[in-house]
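For the record, the sequence lines run as chains A and B.
Letter by letter, the first sequence follows residues 1 to 438 in my numbering.
Letter by letter, the second sequence follows residues 1 to 421 in my numbering.
No lab work stands behind these hints, which were simulated from the structure alone.
Since the model is a prediction, treat every value here as computed from it, not as a measurement.
Even glycine gets a Cβ: it sits at the ideal position worked out from N, Cα and C.
Be aware that one or more of the hints could be misleading.
Claimed, not checked - Okay, the calculated bits of chain B under chain A, using three or more residues with CB under 8 Å as the criterion: (1) 78 to 89; (2) 106 to 120; (3) 188 to 197.
Unchecked claim - Stretches of chain B that chain A covers, calculated by requiring three or more beta carbons in the stretch to come under 8 Å of a beta carbon on chain A: (4) 53 to 67; (5) 218 to 227; (6) 266 to 275; (7) 329 to 342; (8) 356 to 369.
To be verified - In silico contact screen, one side only, chain B against chain A (beta carbon under 10 Å); selected entries: (9) Thr128; (10) Pro129; (11) Glu178; (12) Lys181; (13) Leu182; (14) Val314; (15) Leu315; (16) Trp318; (17) Glu381; (18) Thr382; (19) Ala385.
Each chain, written out:
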Amino acid sequence: MSGKLPLEGIRICDFTCVWAGQSATMYLADLGADCIKVENPYVWNPATRAAAPVLPAPVAAVLPPWMAGHPNGDPGPRPWNNSPAFIHVIRNKRSFTVDSRRPEGLAIVKRLIAVSDVLAENLARGTLEKLGLDDAVIRAVRPDIVILHLPAYGRTGAYVEGRGYGAHIDGVAGSTILRGYRDSAPGTNVQTFAGDFFVGMHGAVATLAALRHRRRTGRGQVVELAQAECSASMFPQAALDGAWNGRAAGSLGNRSSEGFAPNGVFAARGDEQWLALSCRSDAEWAALVDFLGRPAWAAAPALAMAEGRRAAEDAIEAELAAWIAPRDRDELFRDLQEAGVTAGPVLSARDAAEDPHARQSAAWRRLDATADYPATEFPAPPFTFSHSDVGLRTPPALFGEHNEYVYRELLGVSDEEYARLAADGHIATTYAPEVLGR
Amino acid sequence: MALSSEEWGAAADGGGVSAAALDGVTVLDLTAHIAGPYATKLLADLGARVIKIERPGGDSARALGPWLHDEPGPERSGSWQFLNTNKQSIVLDLKTPAGREVLERLLPRVDIAVVGHTPAVAERLRTTPEALREVADVNVLSLTNFGWSGPYRDYALSETALYAMGGEMFSHGLAGREPLKLGGVASLIQCGAMAAIAALGAVHATEVHGIAQRVDVSLFDVQLNSIDRRSSAILAWRFSGRVNARPEAAGPSTAGGLAGVFPCADGYVELTASAGPYWRRFAEMIGHPEFGAPPWTDPAWLATPEARAEIDVVLYPWLLERTRAQIWAAARGVHAILAPLFTATDLYGDPVFHERGLWEQVEHETLGAFPLLGRPYLLSETPWAVRRAAPRLGQDTTAILAELGYDRVSIDELLRTGAAA
Numbered sequence: 001m002s003g004k005l006p007l008e009g010i011r012i013c014d015f016t017c018v019w020a021g022q023s024a025t026m027y028l029a030d031l032g033a034d035c036i037k038v039e040n041p042y043v044w045n046p047a048t049r050a051a052a053p054v055l056p057a058p059v060a061a062v063l064p065p066w067m068a069g070h071p072n073g074d075p076g077p078r079p080w081n082n083s084p085a086f087i088h089v090i091r092n093k094r095s096f097t098v099d100s101r102r103p104e105g106l107a108i109v110k111r112l113i114a115v116s117d118v119l120a121e122n123l124a125r126g127t128l129e130k131l132g133l134d135d136a137v138i139r140a141v142r143p144d145i146v147i148l149h150l151p152a153y154g155r156t157g158a159y160v161e162g163r164g165y166g167a168h169i170d171g172v173a174g175s176t177i178l179r180g181y182r183d184s185a186p187g188t189n190v191q192t193f194a195g196d197f198f199v200g201m202h203g204a205v206a207t208l209a210a211l212r213h214r215r216r217t218g219r220g221q222v223v224e225l226a227q228a229e230c231s232a233s234m235f236p237q238a239a240l241d242g243a244w245n246g247r248a249a250g251s252l253g254n255r256s257s258e259g260f261a262p263n264g265v266f267a268a269r270g271d272e273q274w275l276a277l278s279c280r281s282d283a284e285w286a287a288l289v290d291f292l293g294r295p296a297w298a299a300a301p302a303l304a305m306a307e308g309r310r311a312a313e314d315a316i317e318a319e320l321a322a323w324i325a326p327r328d329r330d331e332l333f334r335d336l337q338e339a340g341v342t343a344g345p346v347l348s349a350r351d352a353a354e355d356p357h358a359r360q361s362a363a364w365r366r367l368d369a370t371a372d373y374p375a376t377e378f379p380a381p382p383f384t385f386s387h388s389d390v391g392l393r394t395p396p397a398l399f400g401e402h403n404e405y406v407y408r409e410l411l412g413v414s415d416e417e418y419a420r421l422a423a424d425g426h427i428a429t430t431y432a433p434e435v436l437g438r
Numbered sequence: 001m002a003l004s005s006e007e008w009g010a011a012a013d014g015g016g017v018s019a020a021a022l023d024g025v026t027v028l029d030l031t032a033h034i035a036g037p038y039a040t041k042l043l044a045d046l047g048a049r050v051i052k053i054e055r056p057g058g059d060s061a062r063a064l065g066p067w068l069h070d071e072p073g074p075e076r077s078g079s080w081q082f083l084n085t086n087k088q089s090i091v092l093d094l095k096t097p098a099g100r101e102v103l104e105r106l107l108p109r110v111d112i113a114v115v116g117h118t119p120a121v122a123e124r125l126r127t128t129p130e131a132l133r134e135v136a137d138v139n140v141l142s143l144t145n146f147g148w149s150g151p152y153r154d155y156a157l158s159e160t161a162l163y164a165m166g167g168e169m170f171s172h173g174l175a176g177r178e179p180l181k182l183g184g185v186a187s188l189i190q191c192g193a194m195a196a197i198a199a200l201g202a203v204h205a206t207e208v209h210g211i212a213q214r215v216d217v218s219l220f221d222v223q224l225n226s227i228d229r230r231s232s233a234i235l236a237w238r239f240s241g242r243v244n245a246r247p248e249a250a251g252p253s254t255a256g257g258l259a260g261v262f263p264c265a266d267g268y269v270e271l272t273a274s275a276g277p278y279w280r281r282f283a284e285m286i287g288h289p290e291f292g293a294p295p296w297t298d299p300a301w302l303a304t305p306e307a308r309a310e311i312d313v314v315l316y317p318w319l320l321e322r323t324r325a326q327i328w329a330a331a332r333g334v335h336a337i338l339a340p341l342f343t344a345t346d347l348y349g350d351p352v353f354h355e356r357g358l359w360e361q362v363e364h365e366t367l368g369a370f371p372l373l374g375r376p377y378l379l380s381e382t383p384w385a386v387r388r389a390a391p392r393l394g395q396d397t398t399a400i401l402a403e404l405g406y407d408r409v410s411i412d413e414l415l416r417t418g419a420a421a
């Protein structure tokens, strides 16, 4: 590898929070941008570094694992450095702290902006403006900067004051109404966050495009990505059926919106062993019928074509459920695939971590232990380049880990000034006592 | 060859103010169906020239609905129209030597080829990254199901199987029932977006460092390593030995407060009112600020069935007497964490999204005008735009062959033999 990274030399002043924003800058950091996460020891950003700044083990234990499955079940004194929910989106980045609400802190932020190529943010509407950092100020400091805003519903229009996390934005984007059990009202739907990383990916794409334009013309620009609008692109078929045909689709459960039949998730032998199965074509159905040993119900000519199978979907699903129930999920998966039928086990987090193919191919890299977590296999960028090392290069930035780098190397702060800023609480590696309730 | 670099808009032309961000980038698109075409759509909509090679008979997405005014037809497919805006279509039979030669003439002229062939197909058609990079030193992005090695290398995926294996299906749904997929084909489209990032990264590396390279993205890996709570759930398992599972019931999943989908007069809303400021805003929203005072400030009280019962008798009537629009307006007024569940017709009928320009009116040569779900982002200097509707099957075959230096006679021969169409 030549070691040359696509975004070498590009610096990001990163005000993003939660998943949507933090994933956008993560993909850019993966591609080699020097991403500087701007953190404030006096302000706790919800759902950005951990579920809460103080998280006793018994509280963590009743929160969902994805949110609070900290090392050995104990978040310890610095949950923000070992949260499974969030530290993975801080990989390949640097962290520095400053209280940007105070004039001398704001001055530091502006010095960072002056040496940045991109400023990214998805803070609640008005937050940056309140700090005194509207677009005009930012562009006065750095005229050719690319500014990436990721508001929930846009920066204009009647919904600007709408507040929400991924689950709420998914609701408006049309995701929530399209999922769930066919026999249940949407009220039984549990929260998912399908849009968060999708939004982050688009934030990265738009920024990459804007950076290219800047390289060719010297001009920066402002990118506005309304999360709900972007997330709607996950469901173009449903959206267009609404626009073109006036149809308001509900959930198909596990049936296919592409017309595949059968298409479902079935219980296999054992506890919580589920198998997804799709016949994506008449040929795959024929292969399945052969695999089943050509029983009379399956060999019926009416089922040879997808249309006939869709008409008999309930019956087919019942037959398949009975056939799959006593069989081993993983054997069936391999055997069906070898026979030419699309199937896949529903992998729990544990199954996924132990899956033989994933262990070999997934972009996981072992991180060394820190004071906050043990050595761990860690998610890396899901793309590989033959010449550029776009992988996991540096572990998730600990809170304030790169203060020395940012203040001294990047901004050229003197020893005297550094000492003063540290004494005034700008430079820290932990949150202020008021945030920690101490 | 007959082409000047201007005609091809070579990437290295430098200088000049361009109307589109990716002006001058040329992409050879060897993808079909959904994931790959979404990646190249993102590039095309930002101004890249995307030359899509369709197999004889056309991309399988042309056979997918919804249909314009419910009337089927290969140009009337909503899947096709959405996923292929701003692209050109050339139909080639890559199994024929003459079709192959067209591919080999195209390759040196592009900045990146995006290839969605499975390893088996790519080996048969000689479209593996190695084979294509032997023809020309250009970027080749390979988008596969499971990568190029490992036990599942040659396995097939559907959107459902992909989400089952790669995504966080296991925890979606209710305990005691089967896990659930997402709506539509979301997991495939998510993977397309990731491939677009990788493609643009490669283009940057070429333009800045002069390197062209092979880029690999697999659908399985994209789901495993990013989307929704998947990375978190896997990391949580490694850290704590806890497995993210389907809950017993929908509703508040955290210690205290409300979270989940609630019914109202004309549909449903998604509400999060966890202990703290969100709870106080919620109390204000329903016009009962007293719920923001003790004992309601205590998360432990909020978690009790008694508290829930007391809230429910106030909350449900309040919700059921109001429409989603009224409730959302009330929520926005106090910054409560709430949003309506929109259907497709809600999304299309919504005046605010229309005013913001979410829906794009597209002019199609034969179908007339129709609305299309539009831009995912607004760029102030280089606007996203549908400059051209999705191409008709083989719409650009002849023009592209001519650009490549084929004369009339050889073009006719390609068409006559079916190497092109």
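Structure-based check of all given hints:
1. 78 to 89: holds (count 5)
2. 106 to 120: Violated - the stretch 106 to 120 of chain B has 0 residues with a Cβ nearer than 8 Å to chain A, which falls short of three.
3. 188 to 197: Contact hint for the stretch 188 to 197 of chain B vs chain A: holds, 7 residues under 8 Å.
4. 53 to 67: holds (count 4)
5. 218 to 227: Since 8 is at least three, the answer is holds.
6. 266 to 275: Three-residue rule met by the stretch 266 to 275 of chain B, so holds; n is 4.
7. 329 to 342: holds (count 11)
8. 356 to 369: With 3 residues close enough to chain A, the hint holds.
9. Thr128: Hint violated; B/Thr128 Cβ to chain A Cβ min 13 Å, cut 10 Å.
10. Pro129: 8 Å, holds
11. Glu178: It holds, given that the least Cβ distance between B/Glu178 and chain A is near 5 Å, below 10 Å.
12. Lys181: Nearest chain A Cβ about 5 Å off; hint holds.
13. Leu182: 5 Å, holds
14. Val314: 18 Å, violated
15. Leu315: 13 Å, violated
16. Trp318: Violated, about 16 Å.
17. Glu381: 4 Å, holds
18. Thr382: 5 Å, holds
19. Ala385: 13 Å, violated
Comparing the model with each earlier hint shows violations of hints 2, 9, 14, 15, 16, 19; every other hint is respected.
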